[in-house]
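**Student:** So you can see what is in the structure, the chains are spelled out below.
Number of protein chains: 2
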Amino acid sequence: MADKNVYKPRPISGFPEWSPEVRRTEQRWIDTIRRVFESYGYGNLETPSVEELDVLLAKGETDKEIYTLQRLHEGDGDEGGEARLGLHYDLTVPFARYAAQHFGELVFPFKRYQIQRVWRGERPQEGRFREFYQCDVDVIDLNGVSLTFDAEMAEVAHAVLSTLGIGPFRLRLSNRKILQGYLAGLGVADVIPAIRLLDKLDKIGAEGVVEALQVQLGLAAETAQRCVALAEISSSDASFVEAVRVLGVENELIDEGLEELVFVIEALGHLPEGRVVADLSLARGFDYYTGTVYEGAFLDYSDFGSICSGGRYDDLAGSFINQHLPGVGISIGLTRIFSKLVAEERLDLSRFSPTDVLVVLPGEEVRAVAAGVAQTLRGRGFNVELYHEPTKIGKQLRYAARKEIPFVWFPPFKPGETVHEVKDMAAGVQAEADAETWTPGG
Amino acid sequence: MADKNVYKPRPISGFPEWSPEVRRTEQRWIDTIRRVFESYGYGNLETPSVEELDVLLAKGETDKEIYTLQRLHEGDGDEGGEARLGLHYDLTVPFARYAAQHFGELVFPFKRYQIQRVWRGERPQEGRFREFYQCDVDVIDLNGVSLTFDAEMAEVAHAVLSTLGIGPFRLRLSNRKILQGYLAGLGVADVIPAIRLLDKLDKIGAEGVVEALQVQLGLAAETAQRCVALAEISSSDASFVEAVRVLGVENELIDEGLEELVFVIEALGHLPEGRVVADLSLARGFDYYTGTVYEGAFLDYSDFGSICSGGRYDDLAGSFINQHLPGVGISIGLTRIFSKLVAEERLDLSRFSPTDVLVVLPGEEVRAVAAGVAQTLRGRGFNVELYHEPTKIGKQLRYAARKEIPFVWFPPFKPGETVHEVKDMAAGVQAEADAETWTPGG
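Taken in sequence, the protein lines are chains A and B.
Each residue of the first sequence is one higher than the one before, starting from 2 at the first, in the numbering used here.
Each residue of the second sequence is one higher than the one before, starting from 2 at the first, in the numbering used here.
For reference, chain A alone in the conformation it holds in the complex (with noise of 0.2 Å):
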């Protein structure tokens, strides 16, 4: 062929793209984690893409990189004084600016969830990505959200996990209230800092911290340490609260966070040991939270960070409303989870096509034969392809091989003649089959 003038394409760092079959798989997981979310009675949401830049910057300037949109003629036209879009970075922004837009039509507690893309402009690295899936689910309601809620995200987060076949991962659930008390009571003053040096202790250990608490923030070596005695605190039941009282620290916050943190971790005793734990360590997102908070990670991957994350906040909606609207909500990352099973080839990859059976065309005169099968089968569930041509058998036959389908159905060659069969492909068997009732395997 001559040679054209074409435009050869690159793939698009941070931007992922699966082949059919791993789609198959990305599209199982979604639907997965949909059908969970829905078995606890969660509404789906979905946003558009875009949001005002002004709502998207509504808390302040962000860390996130926004994408903004431009049109490429823009100009030419023109609409002037529109508002400037950018694409979401979140689903949380979109969910309260919905939440402040709808707020008379909506009951409470209101229970959504949201799987969407998002966007960052980030640099792309292991598990960060600029476009991803992230699948939020949250409930808010008007005068503070019941802490049976707290269980039920950790609960819903450990469903999703477990359904999907992650492998092991671990969810540690902390209060904030608990880190935020002991510091005050120490007299600790930096808090935030403080709490940023608590949260290195799996990287630097616990000697490093101790040292950093002293020479960076000027806390005494017993106070550094009672700190860190602290953090350290982990366990599966109730016990970390005889650990947290054996330190001594005594202040209200503690003993409310403590309280919810027992309420919630035994809402949760009847999961599997070791999948949900208490630890005191945990310091995410505390500008934000308020009370719980979770975070998720394999256990296989430990560098990897975290998989999952959220926690109980005051407010959802205060930028956009004159409403107090509390919540507690959990993300799902799913790209960074699926992306680091494909990369790890521990994904249970679907076959490379979703059509169970092809349909032989042994020849133009029994087509309406063979396309009376396809459709029968159809109707009975099953992904079906007619064979396109009337092309030797062979042929068809290392089609349905190339394309990894099950089973090849065989109508009769000749007209008038009625002995259909089908072959399982795996198994190396034919047999006579009828459209109507044929079932794989029986």
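In case anyone wonders, no lab produced these hints; they're calculated from the structure.
Everything numeric in this text was worked out from a predicted model, so none of it was measured.
Some hints here could point you the wrong way.
Unchecked claim - Here are the simulated DSSO-like pairs of lysine-lysine, each with C-alpha atoms no more than 30 Å apart in a straight line:
id	chain 1	residue 1	chain 2	residue 2
1	B	Lys65	A	Lys9
2	B	Lys9	A	Lys60
3	B	Lys60	A	Lys9
4	B	Lys9	A	Lys65
5	B	Lys65	B	Lys204
Dock chain B against the given chain A, drawing on the hints supplied.
**Tutor:** Below, chain B without anything else, positioned relative to chain A:
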């Protein structure tokens, strides 16, 4: 509450957003479309929302208004030399780019579907959005695509539209070779402008078109009339052939076109009468398509325009690869159709909430029992909410009523009691039940 500094968000014109109950129906539609596409063996592809601008513009200046992306803090970082990105304005360009990039991995005929949002920075109006779902199904092959697929595309589109239950609709089919050959046979030089005028037959009527052909293109009155005579031909069986023959215009292309269209129409003979018709006025995308063309429309809203369209094309990915990839495909305007039926209040809307059963929480002392019922019912596939606090039963029932939850479950109100009851909210009937065996209406 004290007045806060709030930014009141406005709806963004052209970016549809549905309430959760409408959204549920939209999602059910998407699931249905997916299921129908897969039932014919088409595999799913999902491409990034963006393409390099050079890819979007590879076919030359597009008449679609493209949204380009810009990072808000661009220039801060900075990664110079990155390709400019734009949101895809259809699903054909991404498919072409994908096919070119993965050419070596594809199994031919390559059958794919794609259900994604696309973006166009155009002025919104009824049925025209800036962000909307499109559902494309295509097959491409190496050395010509079997005519079987021309029929299959119409069959798939018909299956989608009738399964969705969108009300009366019609798919019109033609073959561009007929009109092209006919005009050539008549000696009409300005083929494209003539076709554009013939395409207006519906709107300005036969006399209007005859006059325009004379005035604007200088055709003789008789030639103009013979053009219109062809465009007026339509039939739901192969009788259009005879109608063309009696017009007495001879051209090889006419014969080819008629033969192909007869094959397609006859292959669709099993569909309900009147749903699929040959209509020789159809001139859809004449500059792009090379054979069969399709267009679907509502019968009840004749001014609304196309609800699906497509056709056979000579080469998909020629801008990106030195390969000839002919194909045939059809695109279903999901958001167009859906939004019209929403506006006409003709949608069979879902319940307000996905929840099937609300389990009443009579008191903390029976929380474990109530939670156990919820878990058992979820395990059996029901969507279940456990009421979040042990408040008055009347309040819990009102919550169920407001959310249109069809069943309310009453666990025993005191520890030690064993009788469970379930109330059918619509029927107002309450009866004893067992979570392991209960079925709605059972």
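**Student:** Would you mind marking each hint as holding or not holding in the structure?
**Tutor:** Hint-by-hint comparison with the structure:
For the proposed pair Lys65 of chain B and Lys9 of chain A, the alpha carbon gap of about 22 Å is at most 30 Å, so the pair holds. Distance check on the hinted pair: Lys9 of chain B and Lys60 of chain A sit about 13 Å apart at the alpha-carbon level, within 30 Å; holds. Between the alpha carbons of Lys60 of chain B and Lys9 of chain A the distance comes to roughly 13 Å, so the proposed pair stays at or under 30 Å and holds. Taking the CA atoms of Lys9 of chain B and Lys65 of chain A, the gap is about 22 Å. The hint holds against a cut of 30 Å.
A threshold of 30 Å between alpha carbons decides the hint, and for Lys65 of chain B with Lys204 of chain B the separation of about 24 Å falls inside it, so the pair holds.
The structure shown violates none of the earlier numbered hints.
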